[in-house]
Structure formats: structure tokens, C-alpha cells
Amino acid sequence: MKNIHVSTTINGDPTEFICAPDESLLDVLRNRLALTGAKEGCGTGDCGACSVTVDGRLVCSCLVLGAEADGVEVETIEGMADGDKLHPLQQHFIDKAALQCGVCTPGILVAAKALLEKNPNPTDTEVRYWLAGNLCRCTGYDKIIKAVQSAAAEMRGE
Amino acid sequence: MALDENGKRIFKQVGTRPARPDGIDKVTGRAMYGADATAPGMLFGHILRSPHAHARIKSIDTSAAEALSGVKAVITSKDFGTPEDESVRDVQDNCMAGDKVLYDGHAVAAVAANSLAIAKKAVKLIKVDYEILPHVTDVDAAMQAGAPLVQEGRGLDDLPAGMSENVTYHFEFGHGDMDAGFAKADKIIERSFKTAATHQGYIEPHACLASMGIDGKGELWCCTQGHYYVRELCAGIMGMETSQLRVTASEIGGGFGGKTTVFIEPVALGLSRKAGRPVKLVMPREDVFRASGPTASSSTDVKIGMTKDGRITAAHATFRYQGGAYPSGTVQFGAQSAFAAYDLDAVQTIGWSAMTNRPKEAAYRAPGAPMAIYAVESVVDELCQELDLDPLDVRLKNSAHKGTKSSYGPTFDDIGLEATLEAAKAHPHYAAPLGPNQGRGLSCGFWFNFGGNTSVSMNLNFDGTVGITEGNPDIGGSRASISLMAAEELGIPYEKVRTIVADTNSLGHNDVTDGSRVTFAVGLATIKAAREAIKIMCARVAKIWDIDADAVYWEDGFAKPSGPNAGSFDPMSIEEIAAISAETGGPISGHHEVNADGAGVSFGVHLVDVEVDPETGATTILRYTVFQDAGKAVHPDYVEGQMQGGAVQGIGWALNEEYIYGDDGRLQNPSLLDYRIPVASDLPDIDTVILEIPNPGHPYGVRGVGETGIVPPLAAVSNAVSRSIGLRMSALPMSPPRVLKALTAKG
Amino acid sequence: MRYEKPENVADAVKLLHAETGVARILAGGTDVLVQLKAGMVEPDLIVDIKDLDGIKDITPEDGGYRIGAAVSGARLGEHAGVTALWPGVVEGFELIGSTQVQGRATMVGNLCNGSPAADSVPGLIAANAVARIAGPDGTRDCAVIDIPVSPGKISLAKGEFITSVFLPKRPERASDAYLRFIPRTEMDIAVAAAGVSLELDADGTCVAACVALGAVAPTVLLVDAAADCIIGTKLDDASLKAMASACSDVCNPIDDRRGTIEFRTQTAGVLAKRAALIAYERAGGRT
Amino acid sequence: MVKVAIWGSLRSATDGKAEVEVEAGNFKQLLDQLVIEYPGLEPQIKRGVSLALDGKIYRDAWFTKINEDSEVVLMPYMLGG
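Protein chains in written order, with the working numbering: chain A, 1 to 158; chain B, 159 to 905; chain C, 906 to 1192; chain D, 1193 to 1273.
Chain A with its partners taken away, still in its complex shape:
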């Protein structure tokens, strides 16, 4: 199995790596690039803990091959804050206690950001359905939905 050379952009930075042809983008991020913010909860697209965006589209990085990252733009949780300034979603997740163990949090934040970019003023039901692929076992989701809504309100300037 010959490794593949991939040139990509991750969180705005031009990045190169080599990977095996059957290696997932998640494994590349975690094991080759030390970006361990994306988590593997299942490896089969059922939990959303590995969520990233590829060319602006929300995906499970466990269901993307590393090889497919060639020439695309990948955004991960590590790129969400602007230097020392948290994204409003990150701040509201802390302020509204929307995390307990926190292992699903990076995936949920990436997914929520993708939602608000598409729909800045979602209903609770829209937030719940958009995030249905992000399992959280600690919170019962209540505070997550409220944190997304309060961040959305702040981002709308309310």
C-alpha cells in the first residue's frame, strides 16, 4: 500500500501530509497533524464527535479519506477561535453550561457554527434536527440548544 502525498488547507494554513490510501481524514488530523480536537466516538458517522467542515460543508471526518483532502479547505475546532478571542458559540457554551464531559463539544460547536452560517435565526426544532447527528450523553441537550440560540442572538446583534 503506497502512501499518498496530500496538499490541503487546514484552518487557513497550507498543510501537507502523507497518508495511507485507506486512512481517514480523522486519523490524519489526530495522528499525523496533532489536531486531536476532533474525537472518534464511533468511526462510522453515527456520533458526530469528529465533525469538521470540508469546503464549508459539515462532514464527519471519519467518513472522509485523508486522500480526499487534496486541494480542499478543512476547518476544525482548533480554527474556531480567533487567536485569543473565542467564537460566540464557544463563549456561550461555557456561559450556559452546555457541556459536561466535553468530548462531544468540539463536534457540536463545529456543527452549530455550520448551521448558523446557513441559517442565522433557526428555531429550536431546526437546531435539534441539525444537531441530531451529534450525540451527547451527558447534558440531555437542553443547555446545548439554549447556548446555540443565545450565541445566534448575539451573532445577529441582538
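Keep in mind the hints are simulated off the structure, nothing from the lab.
Predicted model only: the values in this text are computed from it and were never measured.
Certain hints may be false.
[As the list claims (entries may be wrong)] Computed cross-link-like contacts, DSSO-like style, restricted to lysine-lysine with a CA-CA straight-line distance of at most 30 angstroms:
(1) B:K279 <-> C:K1063
(2) B:K563 <-> B:K583
(3) B:K555 <-> D:K1238
(4) C:K1063 <-> B:K899
(5) D:K1238 <-> B:K342
(6) B:K170 <-> B:K693
(7) D:K1238 <-> B:K258
For this one, chain A is given, so just place chains B, C and D on it according to the hints.
Relative to chain A, chains B, C and D alone:
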């Protein structure tokens, strides 16, 4: 340790909602969980697991795996010794099968290699010759004489006739004259119930990084609820002295009881010892389902008698739990807690536990209680329906209170059940109208809560800030609540305190993060440690002022002279005292080590409205409200979070979650796709009402809050569904096929 | 395993045809990567088709739409034209997996997975959709209904792959709908499913109908007997009831971890009835 | 003498008695005395027991003082999740 000021203490910080200290790390991806660590020269491990429910291992041929390029170690049970302690032997056998595999997914061998891909390839090259044995996975079948024996020689000494040697535990609790009690009843209902095994379902699979030196010293990094216990178990299995193994707990991605023991850690240590290199081992999700967790499945008979005005005259229940392939006694907690909410003259509970060819049961949030209370609360609800009584009034009428002799023996001190029931009754949810195909259910819940061994150290830094070192992994925000209690006691801002979780070598022993003990016990030790430090600070100041130590007292972060007689001195701040601590005698710290007792029991009441689709049997949760006594809510956000999270786990247990076994004894649904834990769109908001009835056994009145929340949802949802469809449901989960079948049978 | 990303269809066909071992097409990858992870398949060759011309395009054609094989669910859902013309096809496809999976999954991938529970297939079959197939002998068109053969098996020959699916034009008063049953609200595989496509005349009488059922037989079923029950009616209770029972009559499902024979059979009719009502309303009918 | 309530399934070791009386001033003395007078209780006491004293549950705590009028209930060793 007694309650301060009889529960009337006015708090300045406890009860507020500051940001958690680990918040930034967890929202930026910086927090390090079990699978996030690496080490120089690290290898990757992978485990071969049994495809059979029960089989004798005739031989294992690892030669082809060993010969594969990149493979650095292959181990089987032969690479471990035989620990003296039976419970440690069981844990070891569960981590790596000895003569027999006892369940589908039981570990048989393991490989460490240069990459995970090579390790996986090597695992496929291991040849195991199995002699397949008959298996049993159902608890009632396993208890019958003549059932396939999971392990020989482990049955009860005084095994009743007709029972199989798979039966390993028997408990009985209760008091009073049952016959006389039932004779007084106007209505008696007897019913049997079944619940499926469910998994804790933490999103982070078990993961560890083990490094054994050839000098016999070991380092282990892992996600666990209790790294001291991990050290004990692993040292026992590895034949090491505990001092030679240092265990560091990573951030933990959920546990709910499922990370209170070990599954892969000894295997990683064994591989590392053999390879002479660090080994990372991460459980694939499929293995998490097949070989860790779950809770027991249960089979229960309940009989309750009631007068027509709603007084329970007698209550009886028999519980049968299967705890997997090794003896496991959580049925005791079921049998003890079943009727804890009631003040009864005649009550008896009997618990039996049996081994089956399933993964060994691991603790799951209020272990043993949810399924027992489900059965009891279902029958109480049915009695209310039959006698046309209000279910909250009936519970209030029979409610346990201070002075009640509990169903499990001891007499209750201050408890919050009546207040919790009253709060539910007064809540608008209870009076809200219901539409067609809708039903409302309620249930009480109970959990004991524990204290346990705890060590806390508090260091005053020269700049007046404070470091707290504790030894319990933070599952749900405990570093925030510990910091709050330290800040409260010292009278300094929350931001001046940093709490960390130490490794096993940096602090005395700490019991596992379980039993809802951390905020209670670690909080208690933290308060004590702070009080010790305050005493030292006051003594130092007394020396400076040249007055009696007794004449100095502590208030709001300052040492002050206790009155005009003590002399006139300007109060000294903690910063000033810290700055000159080198001159006044050296560094100042406080510490406290205790086996904490006095945990206060916790009650909750849940109210739920559901709608059932009569054509598909699908249940929708429309509205949900949790009422729970928290003692004192140290950080109310995290108390609410525990209540909400527990409720949703219970909803999953009630509606869809289950371990499904085929006739071949294999688990049919070891994936998050088919195990079906609740997703965000399945749920409404989960409203919460925190009651604060102080626990007399804690200076601030704190009770544990983590576990009680999972207890009531099973019955609350079942009662709501039963009322909605006009039919009593008696098995969990109430998956749509099961509900539709019941509806179809009813016609 | 080799990973190849050919730049034209001919090269892709050549690669697939020449491979002596196991070859897999990669577009969305939401099935292939799961199978890789589980060790269910160990391909010698992965052909990533996302660079092929037009493969990610949605193109108007003869009053209908041609949908490239690498169009993701998220993209299709954003396409106003297809959503207006074939809302049932779009909603079936959009039910698959999570938002994340929708960012990648393709309708053709769902079809080629060969699952009787594939959510996009009943809608496509009810729509009389046609797949365009590239292969060593050139291009051919094949009705979607003829693609699945049995669970996990499809009718494509070695070296062939689907490049697009065509959704035909339809009259003014026509629409479709898809419903599936899952125990949760999201993230499950259909336990039973129904896609219904209808055409109405001016007074709201159904003049043509297709009823397709998923997850109740080894392949998706097109149930003419069920369609016949509603053709010529305004979907009154009696005809809907007859349609539901015609659906249940043809079910031949399995018992497994996801549902029982009894449950699938019973709910298939319920779903068909409900989907028909939604399609009827979308087509401008009033019940 | 201190009265100790014994849970049901242990009563085979106490001649069926739901309550036994032993001479003890603290938990250690109580457990030692129970083993001497009712040897059948030893395996369970070795496996682990908790004691409830006037409604408060203790998991270990040998030297906890017991008064003659205290309510003492022997309980299985408590764990949690």
C-alpha cells in the same frame, strides 16, 4: 461533619454559576482525553475478541501474527499471572480470557505493532481453536436448574432447589407482617416486569496509553472514573507493587459508572511490558458495546396492596438480575431502593443475581435502582388508576419522611421527598391539559449517595492564590464546584482558586468518582482543608500581632482581631499573609484525609407527557419536568445538567435502548446506529426544579445529585405511555414494535 | 489498496475494468468508509469519481433534471427546481443520516449500496427515475427499479458505474412524498418506508399513481395493486384503507434488530397511506 | 448491648433472627462480636458491609461510637455508578 449554622448559613459564592475552569480547553479542542496522548516510540495495540458466546479455548496460535513485520508483541492470558484476590482474578479474566470465553466479545489475545493497521492485520492472523459450549443470556433461563453453567463453583452456598449454580447472590430486605398487610388492602395488584440491559453510552470509548519500563516502573494514562482503583487493579494483575505504577487520569468523556473498572488497561500494560515500548490502546465502538458496560437486565414480580383511600398496606417484590459472566451483586441496590420512597408497615424485597453469557455488568448511574423502582412505580400507578386516585396525592399520603423506617432498614433523617412531591403538585405542568393519544406519567426516584475515601490538599501560593489538589476525575463540572467551596470557605474570589486532579503519586488515596460522592465528599474534605489552612493563617497573624491565636478570626479573606479585647489591628488579607509566609514559618497549606460518611439520600420526582401514535406505536416526549432535592446546589447549572442528563438517559432506557441477542448468543446491535441513544430531535426541553433540603451530614448541606435523575424516567414514561394507550406496559424498552403489538392485541 | 482519482469517465471505466481484485467507487464515501472501518470489505482499488465532468452537477433536461452521481444530499436539498418538481425524492434522500452525512452522501451511492431500506430508492422508483451507466461498452440507461437485485447486490456489470440519475418531467398537478418509520426521529435506518407519486386531474381525481415500499422485502417493491386502489379516487378513506392493505399484503420482510415482520408489514400500509395524502395535497388535491 | 438489624438473606446465620444483640461500643467491636457469636456472618462481613447508625450510612469507620440506644442496621457494602 455537621451542617453549618443548622442550614441557615448565607452563602456568598456557593449557589452562583461561574464558568468552569476546564471550559476553554473543552471548547477549543485543547482538552486531552484518553485517546489524545502520545509518547515517544509509541506502539498501537489491538485486541482479538471471541465471536462465540461460550467456548473453551483449546489452543491459540499466535505465530503468524508474531512473524508479521512491524509487530512488536503478542499476548494472551498466559502472559499474566494468577492474582490471589478473587475479584481481581475476575477482572483479569474479563480483560483477557483464561480457559474459556464467556461472552461474545470476550478478549482472547492482543497485538502491539508500529501502526494500528498492522496491529489489526496481525490480529486476523491469530488462530484460535474453540470448542463451542451451550450458552445462556436470559436471566430467568440462567437461574433454572439445568441451565448451561457460565462458570462452575461460583454459585450460592445455600442454593435453593430448582436453581442453577449460575445464581451467585441472594438478598432480602424489609420489615413487618406481610400477610396482615395484604389482608387490610382493598385492592391488590400483582404484575411481572422485564427490562433490557442498557449501556452507559459515553461518547468517549475506553482509551489508554501504557508504558512499562524494564526497571518494572509503569506509567499509565487513561480515561477513568477512578485512577487509584485502576492502579490497584492493574498492579494486582501485573504483579506489581502499587508504588511502581503511576496512573494519571485524562479528561474523561463520560462514564456514568461504566469507567469504574478496567477493560483494556492491563492489556496495554502487558503489551508494553513485552514490547518494551509505550502502547496506546483504544476500544473501537463495537468493542465498547460487546465488552464493556452494560447494566443488568432484569425480571421482576411486584405485589402491592392499597386501601381505597390510597394507603399502601403491604408491598412485596422479587428481583432477578443478570450481571453477565461474573458474579455481580447490584440487585442488592435494587432490592434496597425499590420501596425507599414509601413509609410502609409491611414490606419485603428479595433479590437474586445470576451469571449469563454476556459482558460483565458495570455500574450504571444509580446501579440496580432504576429497573427496581420502575416495576414498583408502575404498580403504584396502576393502583391509582384502578382506585381512581390522584397519583401525586397517593405518593404524598405514603411518602417517606424524617423518622420513617426505610424499606432497607435504617430510619431516615431529614429527607426531601415530601417537599419534592409538593413542588411537583404545585407546578403548572401537573395541571396542564392533555390532548388525544396523550398521557401523563410520574414517578418517584431514589438514590443512597455515598462518601468514601478522600484526600484533598490545598496550597496557599505566595501571591495569595490557592491551588486545590484532588484525586477524583471531573465528569460533570466538579472542579468548578470544588473551587466554589474553597473560595466560599476562604472568602476569596472563585478566580483565585485553581483545582486540579492529581495523579496517583501526588495525593493520598481517593475512591472512584461514583455514588454521587465527589461534590459531597471532596467538597467536605476541601472545606476541612481550607479550615485547617485558615487556622494556620490565623496563628501566623496572631504571632505577628503578638496576641493569642484564639483572638484572631477569619472573615471574607481577612484575618481579624476577634474583638476590642484582642487589640486594635488592621485586618490582614490572605495576600498579605501569603506574601510573608516564608518569614512567618514557611509555606502554608491545608489538607484533609477522610473516609467520608454522612452522605444524604436523594429523592426526585419526574413528570412527563407523551403522545403515542396509535398506528405505529411511536412515542413522542412532549413535556418533561424534573424535581429533585440537591441538598445545597453548589453550582446550580451543573445540578440542572445532572438532572437533565439523567432524565434523558432514562428516557432512552424506557423507549429504545436495549442489548439485543440472537439465538447464537451474539450481540446484534453493537453500534451507535442500532443501539439508539436519544438524539437532540427526540426531545423537548427538560425543565428542572431544584429543591434544597440541607443534608445534615455536610457543612454546606450538600447531597449527591448525579445518580437520582436516571431512576424515575423508566416508570414515569411507562406510566405516561400506559395511560395514553389505555393499556399497562410491563417491559422495557417500549420500542414501537412492542407498543404496536400490545395495541394490536388489545384491538 | 490504491486510491485513484481519474479525470474522465473513460479512465474511470478503464481502471474499474482492469482491476482484478475488489474495486469500489468513492463519491460520498458514507457507506464505503463504514465498510472499510468494519473490515467488511478490503478493496484493492478505490476510484474517486468526484473529478469527473458534470458528476457534481444538477442539470435541467427535457423538463426534468439530471443529477450527477456525486451530488450530495445537502446540495440537492438546496436546489429549488428539483425540490419543487420531485419533493418526495428529495425528502427521501435528505432523511439519510445526519447533517454531516448529508454533506457527503449521494443518491447514487445509496442506490448502489443495494439495501432494501435505502431511503432514496422508493422515491426514485415511484418517480420512474432512470440511471445513466458508463461502462466498457459505452453508455446505457437503465430504470432505477432494475438496479437493485437482492440485499447488497446490484445489476451493474464489471467496469460499469452510474454517472447520473434522471428525474423526468411531470404534469402540473402532480407530486410525490416519502415517509419512513424509524424508532428515533433521526439517525436510523428505515424499518419500513413508502414513496408515493401521484398525478391528478383538474377536479382532484388521481389519474396516475406509483407506490413503492422500502425495507419490507429483499428489494424495494413497486406495488401496482396499491396504486390501483387510489387511481380514479380522491383518496377517500375507503380507497386509502384498501391501498394500505394492498401494501401490507405484498410485504415479505425479515425479523431483525431493527424491527419485526409483523411491525414492518403493519406500518408499511400506514406509511403509504400517509405519504399518499401528503403527495395528494402537494399536487393540489383537497381531501 | 446494642441491637443490630440483620437483612433478610443473612438471617440463616442468625438462627432466623431479624435483630441480634451484641456487646459493642464501636463498629469494630460490633463486627468482631458478630463474627464470634454468628460465624455464619463472617463471609459477608469479609466481603464487605456497611453499617447504618441512626439513619446515617457508614461504609467502613471502625471506631465510630455506638450508643446503647442507637439504631444499627447491617447493610451490604455500598457502591455507585
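Comparing the hints with the structure gives:
no.: 1; hint: B:K279 <-> C:K1063; verdict: holds (28 angstroms)
no.: 2; hint: B:K563 <-> B:K583; verdict: holds (25 angstroms)
no.: 3; hint: B:K555 <-> D:K1238; verdict: violated (40 angstroms)
no.: 4; hint: C:K1063 <-> B:K899; verdict: violated (45 angstroms)
no.: 5; hint: D:K1238 <-> B:K342; verdict: violated (41 angstroms)
no.: 6; hint: B:K170 <-> B:K693; verdict: holds (21 angstroms)
no.: 7; hint: D:K1238 <-> B:K258; verdict: holds (29 angstroms)
Hints 3, 4 and 5 from the earlier list are contradicted by this structure; the remaining hints agree with it.
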